[in-house]
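Participant: Residue numbers (the working numbering), protein chains in the order written: chain A, 108 to 485; chain B, 2 to 259.
Bear in mind the hints are in silico, worked out from the structure with no lab data behind them. Be a bit skeptical, because a hint or two may be false.
[Unchecked claim] With a Cα cut of at most 20 Å, we get these calculated PhoX-like pairs of lysine-lysine:
1) A:K398 - B:K159
2) B:K13 - B:K132
3) B:K132 - A:K200
4) A:K192 - B:K132
[Said to hold, decoys possible] Here are some chain A residues pointing at chain B (derived, C-beta under 7 Å):
5) G168
6) Y170
7) N376
8) M379
9) T387
10) W459
11) V462
Idealized CB from N, CA, C, for every residue including glycine.
Spelled out from the first residue to the last, the chains are:
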Amino acid sequence: MSEKDRPLLIEAQDFNGLLLSLKRLGYATYAPTVRDGAIVYDLVDSADDLPIGIGDVQEPGSYRLRKRGDGSFFGFVVGPHSWKKFLHPPTVKLFTINSNGKIVANLENSDQKLAFIGVRPCELQAIKILDKVLLGGEYLDIVYASRRKDVFFVVVNCIEPGGNCFCASVGTGPEAKDGFDLCLTELLKPDGHYFLVRIGSEKGRELISSVHYRQATDEEVELASRLLTLSSEHMGKKLEIKGMKELLYRNLDHPHWDEVAKRCLTCGNCTMVCPTCFCTTVYETTNLSLKYAEKWRSWDTCFSQEFSYIHGGPIRYSISARYRHWLMHKMATWMDQFGTLGCVGCGRCITWCPVGIDITEEVKQIDKRDGEVKVKVE
Amino acid sequence: MKDSIPKLAVFKFSSCDGCQLSILDLEDELLEIGRRVNIAYFLEASRATVKGPYDVGLVEGSISTPHEKELIKDVRQKCKTLITIGACATAGGIQALRNWKDVKEFVSVVYAKPEYIETLEKATPISEHVKVDFELRGCPVNKYQILEVLTAFLAGRKPNIPSHSVCVECKRKGNVCIMVSNGVPCLGPVTQVGCGAICPSYGRGCYGCFGPMESPNAESLGERILQLGISKRDIVLMFKGFNGWSEPFRKAGDAFEE
Ligand code: SF4
Ligand code: SF4
Ligand code: SF4
Ligand code: SF4
Chain A
108 MSEKDRPLLI
118 EAQDFNGLLL
128 SLKRLGYATY
138 APTVRDGAIV
148 YDLVDSADDL
158 PIGIGDVQEP
168 GSYRLRKRGD
178 GSFFGFVVGP
188 HSWKKFLHPP
198 TVKLFTINSN
208 GKIVANLENS
218 DQKLAFIGVR
228 PCELQAIKIL
238 DKVLLGGEYL
248 DIVYASRRKD
258 VFFVVVNCIE
268 PGGNCFCASV
278 GTGPEAKDGF
288 DLCLTELLKP
298 DGHYFLVRIG
308 SEKGRELISS
318 VHYRQATDEE
328 VELASRLLTL
338 SSEHMGKKLE
348 IKGMKELLYR
358 NLDHPHWDEV
368 AKRCLTCGNC
378 TMVCPTCFCT
388 TVYETTNLSL
398 KYAEKWRSWD
408 TCFSQEFSYI
418 HGGPIRYSIS
428 ARYRHWLMHK
438 MATWMDQFGT
448 LGCVGCGRCI
458 TWCPVGIDIT
468 EEVKQIDKRD
478 GEVKVKVE
Chain B
2 MKDSIPKLAV
12 FKFSSCDGCQ
22 LSILDLEDEL
32 LEIGRRVNIA
42 YFLEASRATV
52 KGPYDVGLVE
62 GSISTPHEKE
72 LIKDVRQKCK
82 TLITIGACAT
92 AGGIQALRNW
102 KDVKEFVSVV
112 YAKPEYIETL
122 EKATPISEHV
132 KVDFELRGCP
142 VNKYQILEVL
152 TAFLAGRKPN
162 IPSHSVCVEC
172 KRKGNVCIMV
182 SNGVPCLGPV
192 TQVGCGAICP
202 SYGRGCYGCF
212 GPMESPNAES
222 LGERILQLGI
232 SKRDIVLMFK
242 GFNGWSEPFR
252 KAGDAFEE
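Chain B with its partners taken away, still in its complex shape (with noise of 0.2 Å):
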């Protein structure tokens, strides 16, 4: 029976496992999940593994090490259709906030023996090294979202993951919107939908964990965010977050930056 369903395989690169964690949290589907599609590997749940090719392969992670970036060729070949999961793998992720400065530098500071350690200069997107099918934003990514792109896959249907602001959830929510009513600094306008808006209702900004939205302009709300009375210090910090390494964030941000 296993041989005629999909075979799903899960990858890890530089990342902290949230978002393979986010599958596993799926308790109430899992079992369900196992009965359509062969789980073939799956560190992160089981040491049993089951060799490629896969059907689907979903990546966490960024890449960050020489290592990584052969082995993402690998798993690329190994999977008919890979799927990004996560602000690591499609942003670079919070270890991409090296990418501005001297990584040299750290690993001479942090490490007792430096030359032990192989880094890249810069922690990337998974989509800067190898041809992504979907990618699935969030810091963690929304385990609902998971459902929704396997249960598509099954389906040979497009996923529903729609691209547009988190105001628009916010809204239809029926929350009061914190920036206007409030003068919070909330990322919302420029961020993707995904996590059901949860920051602002309960009346704090968005962080922007599921990166920009279709078409950001993340400048526009920075300056808003500056008449708000918030320093320019702040906004940068603001937009170099989980995915501050995404092009609209990254260029927001260091147009802040004094």
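So that you can see chain A by itself, here it is in the shape it has in the complex (with noise of 0.2 Å):
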């Protein structure tokens, strides 16, 4: 490795001071932190806001925070919310109109520079993913667009796994190759608490300057590599996607998906909780005197029958076919509309599935029984 390349080290005590530079250079800072019995992405005013010492424990349809007895600053994986919430909020304004027929397009909180601050890998993909499908096509999606612009990336790359993780499996984690402005490997060493940190901008560079730094020793990257290579050979979950795009077009009548609609509620977490979800609904409301109205978007979910609904009634009726809807978008269909997998495995749908339902664990039953086809009863 050139030494321009060689990562650098800071001390924990030192990452606050990143925290108030980007602060001072107007950003408003982003991480986790501890709220309601899990760890969710909220403002923070200094590094003490950050769920330091806490773990969590996760199962398919559970979730819990454990006191880890370190002083690590980034000892857990993704919680229920994800950075889409600040991208594509969750409901926004669009625009208003009054009776004289005046439109005037909201653009609340659009000039808000951003910092995220403790993203791991597999959501850095799914910022990719929603830049793609958002803003890759002839129409820009304006909200997304003026929240996206200015986004400084601190990635934190995961050692430990958490128990629904799959982001080996589809290639984009542990730890994050490019994109980011600065991205940090945790090291809890018998000497010290550190970060190793790779410069991935320029902006990443000035902010690295404003604290105090030094090189990395061979030993100390070896260690973080080290780190990542066993955290990605013990993810929680495994995915097989070789082939699983053929595999799923092929078993589009598996009576396996009649099998996952007899637990499947319908509810729409898995697709709330999805970074990469990017569906919503739009839908006026008046006022009583009918010379005043506001469009309004919300996130939607392909689970709901509104969803699909055409003159006289839901293309997707079924639980089966709106469950193999989910699916097929995330790990098939995904491909051939944006080109790359709709899935970035960082497990939070099999988490927050109030009945566990494992997105991995469905696609293996296709797998163990493909071709076989349900019988249609008449």
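Assembly of the complex is requested from the two constituent chains, each provided in isolation within its own frame, with the hints serving as guidance.
Facilitator: Here's what the structure looks like:
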């Protein structure tokens, strides 16, 4: 490695300096923080707001925090929130219309510079996917574009994957390769608490020079790389993606879709927590005098009937058709639509499904009984 | 002027009046409502009444007496558009809990002179008796949904009343799911949105006030709640609430009956 590319090392106590520098540069600093028994993303004032010494235990349909007994800043994985909520807000007013026909676009919060601190590699990939979906075509999503234009990414690699993580299977983690301003690997060594820092942009280089740092030693670089290799070998879940698209396309009538449907609540939680699900519904409100209207947009879910309602009824009426649509979109049709998987392996849909439906397990079941066709009842 | 604007009537059947009160709770909007519609019949608000027919009728309450069974037919005839409001009118309400038991026995135990009591064996939603044009759920209804229905009626458009789960609203608000993070049983996944996910926002499980969502898989949720360590008896009680007589909740409750 050339000396120029050599990672840097900062001490954990200097982490706060990065945060303060970002604030001084006018960024709103968002980071993981504990609220209501989970690690959520919110505004933070200092490193003290991070979930210090807190870890998480995740299983299908279950999430609990635990005390780790150490001073780690990032000893957990992804929680119920994703960065999507800042870039592609859950509910947003698009514009207002007066009875004289005057339309006023709502551009609230569109000039705020955002710093996302503690973004995981899978989440960075999710944002790249959203970029493609919402900015990649002929028509830009202006809400997303305005929020996306100045985002500072402090990525944190995952040295301890969670119980439902499978980024290694889909190639999005546990280490970020590019697309960040700074990428940290947390090192808790007997002699102290450090972050190995890779610089990904000029902005990143300027920021790091605002705190005390030194070049990392060979031993430190190797330690980080060893931890990340171990991490990729200890993912909570696995998914075989080779041939998966073809597998799914040829099993549209598989009996397993009906078996999942017996459990699926069509509650939509999986699509809400998924960092790449982008679907929305738009609706108008009018006031009683009918002289003023507002146009709003909210996250929608393909698990609702209204989502596919076209004159006369929903296209996907049965629960099994709706579950199949979601899984197929994430794991197969997305590839034809946008050229990548729609899934980054974050495991949120597994954890936050109230009945613990596991997308990796459902693919496995179909693979196991590849080619089975459900008996049609006339 | 009053002649050119639509006539609104509000009727009460077996109910607690909470939904009608929700209309009166629209304090900031009441005057404007009064300008847009002629509040022709609304006994909870005024003794002054105007004779029918009415352009729009809001009906609160379920049908639980022989008298009501006849009265609702008359109300239907008088109203061009009939909208039922609240859990009683749309699902039978809390008084429908008697539907599982012998109402004569209740009457004999509760009243000193049971022979004065005229009641039906079952308390049932309005839609079992007459055609209903729109159902607004909730125990009580959400006043903003009432406003939306009235505004939509005036504009001649479909009201924007979604029928998906409470979870969608809960997640949009950024709540941490209490069922997943804390093992609290919650009916949100099978309940229709409309309340703004109030209970989960304060750490309590959803009680199902807005009744079953569009495609409720209540038995699967019941199984999950059982796994969380809740007894079958308590699961039955969860489903047999304000909307217990609605078919999906009734079936799910019965399925866990021991
Ligand atoms: S499908 Fe599930 S695991 Fe994949 S990105 Fe979405 S929430 Fe994460
Ligand atoms: S899975 Fe459903 S909600 Fe998610 S992006 Fe696809 S269609 Fe939209
Ligand atoms: S898979 Fe789970 S989270 Fe998704 S709709 Fe079905 S029950 Fe809800
Ligand atoms: S708390 Fe209840 S309503 Fe909210 S997401 Fe969880 S199950 Fe759904």
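Participant: Confirm or reject each hint.
Facilitator: How the hints compare with the structure:
1. For the given pair, K398 of chain A sits about 17 Å from K159 of chain B by alpha-carbon distance, which is consistent with the 20 Å threshold.
2. Note on K13 of chain B and K132 of chain B: the hinted pairing holds, with a Cα-Cα distance of about 17 Å set against a maximum of 20 Å.
3. This hinted pair does not check out: K132 of chain B and K200 of chain A have alpha carbons roughly 36 Å apart, beyond 20 Å.
4. With a C-alpha separation of about 42 Å, the suggested pair K192 of chain A and K132 of chain B falls outside the 20 Å cut-off, and the hint is violated.
5. At about 6 Å, the closest approach between the beta carbon of G168 of chain A and any beta carbon in chain B falls short of 7 Å, and the interface hint on this residue holds.
6. At its closest, the beta carbon of Y170 of chain A sits 5 Å from a beta carbon of chain B; the interface hint therefore holds under the 7 Å criterion.
7. The beta carbon of N376 of chain A is positioned within 7 Å of a beta carbon in chain B (closest approach about 5 Å), and the interface hint is therefore held.
8. Annotation: interface hint on M379 of chain A holds; nearest CB of chain B at approximately 4 Å, less than 7 Å.
9. The closest approach between the C-beta of T387 of chain A and any C-beta of chain B is roughly 11 Å, which is over the 7 Å cut-off, so the hint fails.
10. Interface restraint check for W459 of chain A: the shortest CB-CB distance to chain B comes to about 6 Å, inside 7 Å, so the restraint holds.
11. A cut of 7 Å between beta carbons decides the hint on V462 of chain A: the least distance to chain B is about 5 Å, and the hint holds.
Consistency with the previously given hints fails for numbers 3, 4, 9, ordered from lowest to highest.
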